[in-house]
Amino acid sequence: MQIFDLATADLEFVAEVEARSHQKIRTCYQCGNCTAGCPYTFAYDYSVSQIMRLIQTGQKEAVLKSRSLWLCGSCQSCTTRCPNKIDVALVMDVCRHMAREAGYATERSVKIFADSFLASVERHGRAYELGLMAAYMTRSGRVFTDVDLAPQALMRGKLPFKPHQIQGREQVARIFERFRKGGDNV
Amino acid sequence: MFKIAYYPGCSGQGTSLEYDSSTRAVCKALDVELVDIPDWSCCGSTPAHTVNHVLSAALSARNLAQVEVMGMDKVTTPCPSCLTNLRTAAHKMEDPGFRTKANALLDVPCNGNVDAQSVLQVLTEHVDLELIKSKVVKPLTGIKIACYYGCIMNRPPELMRFDHHENPMAMDNLMTALGAEVVPFALKVECCGASYGIPRNDIVTRLSGKLLDAGRDVGADAFVTACPLCQMNLDLRQGQINHALHEKFKIPVFYYTQLLGYALGLDRAVLGFEKLCVDPRLALGKIKQPAQAR
Ligand code: SF4
Ligand code: SF4
Numbered sequence: 001m002q003i004f005d006l007a008t009a010d011l012e013f014v015a016e017v018e019a020r021s022h023q024k025i026r027t028c029y030q031c032g033n034c035t036a037g038c039p040y041t042f043a044y045d046y047s048v049s050q051i052m053r054l055i056q057t058g059q060k061e062a063v064l065k066s067r068s069l070w071l072c073g074s075c076q077s078c079t080t081r082c083p084n085k086i087d088v089a090l091v092m093d094v095c096r097h098m099a100r101e102a103g104y105a106t107e108r109s110v111k112i113f114a115d116s117f118l119a120s121v122e123r124h125g126r127a128y129e130l131g132l133m134a135a136y137m138t139r140s141g142r143v144f145t146d147v148d149l150a151p152q153a154l155m156r157g158k159l160p161f162k163p164h165q166i167q168g169r170e171q172v173a174r175i176f177e178r179f180r181k182g183g184d185n186v
Numbered sequence: 187m188f189k190i191a192y193y194p195g196c197s198g199q200g201t202s203l204e205y206d207s208s209t210r211a212v213c214k215a216l217d218v219e220l221v222d223i224p225d226w227s228c229c230g231s232t233p234a235h236t237v238n239h240v241l242s243a244a245l246s247a248r249n250l251a252q253v254e255v256m257g258m259d260k261v262t263t264p265c266p267s268c269l270t271n272l273r274t275a276a277h278k279m280e281d282p283g284f285r286t287k288a289n290a291l292l293d294v295p296c297n298g299n300v301d302a303q304s305v306l307q308v309l310t311e312h313v314d315l316e317l318i319k320s321k322v323v324k325p326l327t328g329i330k331i332a333c334y335y336g337c338i339m340n341r342p343p344e345l346m347r348f349d350h351h352e353n354p355m356a357m358d359n360l361m362t363a364l365g366a367e368v369v370p371f372a373l374k375v376e377c378c379g380a381s382y383g384i385p386r387n388d389i390v391t392r393l394s395g396k397l398l399d400a401g402r403d404v405g406a407d408a409f410v411t412a413c414p415l416c417q418m419n420l421d422l423r424q425g426q427i428n429h430a431l432h433e434k435f436k437i438p439v440f441y442y443t444q445l446l447g448y449a450l451g452l453d454r455a456v457l458g459f460e461k462l463c464v465d466p467r468l469a470l471g472k473i474k475q476p477a478q479a480r
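Order-wise, the sequence lines are chains H and F.
No gaps in the numbering here: position 126 of the first sequence is 126 in my numbering, and each next residue is one more.
Take any residue in the second sequence, note its place counting from 1, add 186, and you have its number in my numbering.
Just chain F, with the same shape it has in the complex (with noise of 0.2 Å):
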């Protein structure tokens, strides 16, 4: 049993929710405990640190905090926006000027030595790809796949250091280890428009469309991604885009937990698949049933 401290980022309360449940339901199928951090509160996402550092890393460092009181000095998160604020945050308390500043803002001040990691580091580094494998009870044999990390999961290297930069695999990897087969996505790591959904649309249809375009050019019936930013802006906002670039796209866009899940036979409630906005049941109506033993 593993066990690390959780942060389920503000996303998980709301957008993602099925990710968030997945998430959970597959750590505990994969002996991972996952403790939650006691009363966390936001990281400050994208704003904060657009307007200030000291403030971004205060907002990130709060709940740093709280994990240390836990006496953990291991965090995870499913959300790469959530994670690249607590590992900044942490990496930037590393200089005892900046920390002071920091801490100034704090109610309990914090040490930052926690480290921050997204469950799809735990699980690639934490969990044998043969133990996921022995507990396959339904393969995703017959669905293509493509994997997308979005932008910053693994970027810039010397800050996330996980998987590559460039050419991530990890999901790649464990999909493919579920039976399912995985398309040439080359996009990988492209950014998909981030949080201008709102104030500036016309630069996340532009972005997503391009993603949903090559996902598409190579015959993906569906997309898996580990981001509820990315999931929401490709998913969410798929008729968006269709109406903006007169598209016709209809590719699901699955959180890598909720196909793990299902793989590992978790019960269909958790993994929240009628919370997708583009109907999955095509594409996991691709996936071929298990012979039935007679």
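The shape of chain H in the complex, shown without the other chains (with noise of 0.2 Å):
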């Protein structure tokens, strides 16, 4: 078990939390309400209320290098249950940007998958499974776990040899371009 000193609180980073997410991180009193709901537990390094008290706390780091933000599934649970109506899926959402701008990825695989989707629906217009799987293997170097459904979903129907192109699959890109230039975009 780690051990945190309150001492190192980084105070900017609470407010910075608390400013992007509207939610008042402070009212949290540890009920454990939303992780017992959690069903991702299991797999995080620290549990949703933990992470909710290490942003009290002021522990940046501890925050943004955690594991269980790029494993939150926002599944609602948290937040639906909080007797104190914090959003808290929506903190860790924006827990999650803050990691990703501060060039933290402790789940490599989740962000390579996220950056494919998106890479795919810039250029297609849509999302396009096919050319996503692709990407994903080459980015992330796997060979995923899926192989096996391929046939499956293809003598179905249901893996489309070509991406649907819409027409308006320029103004989609447009709409990623923007949003690479803006930099007022939180």
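Everything labelled a hint here was simulated from the structure, so no lab data went into it.
Note that CB positions come from ideal geometry on N, CA and C, so glycine has one too.
Honestly, I wouldn't trust all of these hints.
Stated by the list, open to error - Derived coverage of chain H by chain F (criterion: at least 3 residues anywhere in the stretch with Cβ under 8 Å from a Cβ of chain F; other residues may be distant): (1) 35-43; (2) 51-57; (3) 67-75; (4) 103-115.
Each chain sits in its own coordinate frame; assemble them with the hints.
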């Protein structure tokens, strides 16, 4: 168990999470309701209520380097059940944004999957599964576990060989372009 | 006739073809007119909102803007993940500051006044259950069904504002009306592992395995679901789950629209039972044939 010293609290970090999520992290009284309902706890390094406490105590490094941020499935159980009406799933989302921006990605495969997905949307305007899988394998260097599923899906006509090209795909590409140039997208 | 804009979502073009085709067929049979959004684009799904909320909202808002151009103010989608994105975008864009930032990424600005609903909500709130009952030609008598809603169809309640967030009943009521026996299923709103099938397959096999196990425990012949991702995790990945957990699950996972269409006697071709990975014939065979009139 890692030990954290309250004297090392990074108060700017606390303020930033609160500002970007519009949530009052300080009202969390550690009841553990969010953790109790979180289906991903078994895979987390810090449970979701522990993340909340680490934010409260300004442990920026520990939060942004946590694997839990990347594994949260956005299932909204924590948000729905928090007695203090904290949108906990949103806080997890915002911390993941901050981890990305700081260059952390402790679950690399999850980041690569998201990046490959968005690259596919940027290119075609819609998600294109086969292209996404190829891109994922190239970027991650992993032959993923789904190779066994492809024939089944292909046989049922569920994996189109060609992307659906939409007329507005340049409009969609421009959304990404402007986003990257933007800077003020928080 | 109830008329509403329709957002099929990317999976409807690929991994959930049968959901899209059965949705269109049942809506038609129940006098709900779906008007496709011309040239719709991807809502960004989960990846977009885990990267940035303005980007995510803009990807959804491009579609909401198209709905506004159509002169409509309501859109429906079969997919809960698309629904969450569309609703979240519309909600966030009520804030003028946020709206300015999202619109700055778009060619055509969006006012964000479009209300998005799931097809399940449309069928629940705009179609009378008695009317559905009156149109049933093949009652689902004899089959035992676990209704699985997935995590985000009804949560968080302040955003989704449909049915109950811990114990939703829309599909239960529908299946009961069609004559099926609905078994008590405690994990209605638990997460199946979402989109981690590729990057963290172990998470999906564990969470989806738990669902299949709970369904088997209560004697379900089949699952019904309203979510393409849930359906894929439980059905297409059932073999992976069996392998990982040393199990022998063989439970078909239908879209609720497939069974609704079946009960309404719609053309088998649009229902797409042959697209399911776990063979549904055994489960469908439990349905008692209506006594022939002599
Ligand atoms: S449910 Fe809310 S108050 Fe309780 S520990 Fe989680 S965030 Fe804190
Ligand atoms: S939204 Fe994330 S943190 Fe919250 S309960 Fe679901 S998986 Fe856990």
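So, going through the hints one by one against the coordinates:
1. 35-43: This one holds; 4 residues, not fewer than the three required, reach chain F with a Cβ under 8 Å.
2. 51-57: violated (count 0)
3. 67-75: holds (count 4)
4. 103-115: holds (count 7)
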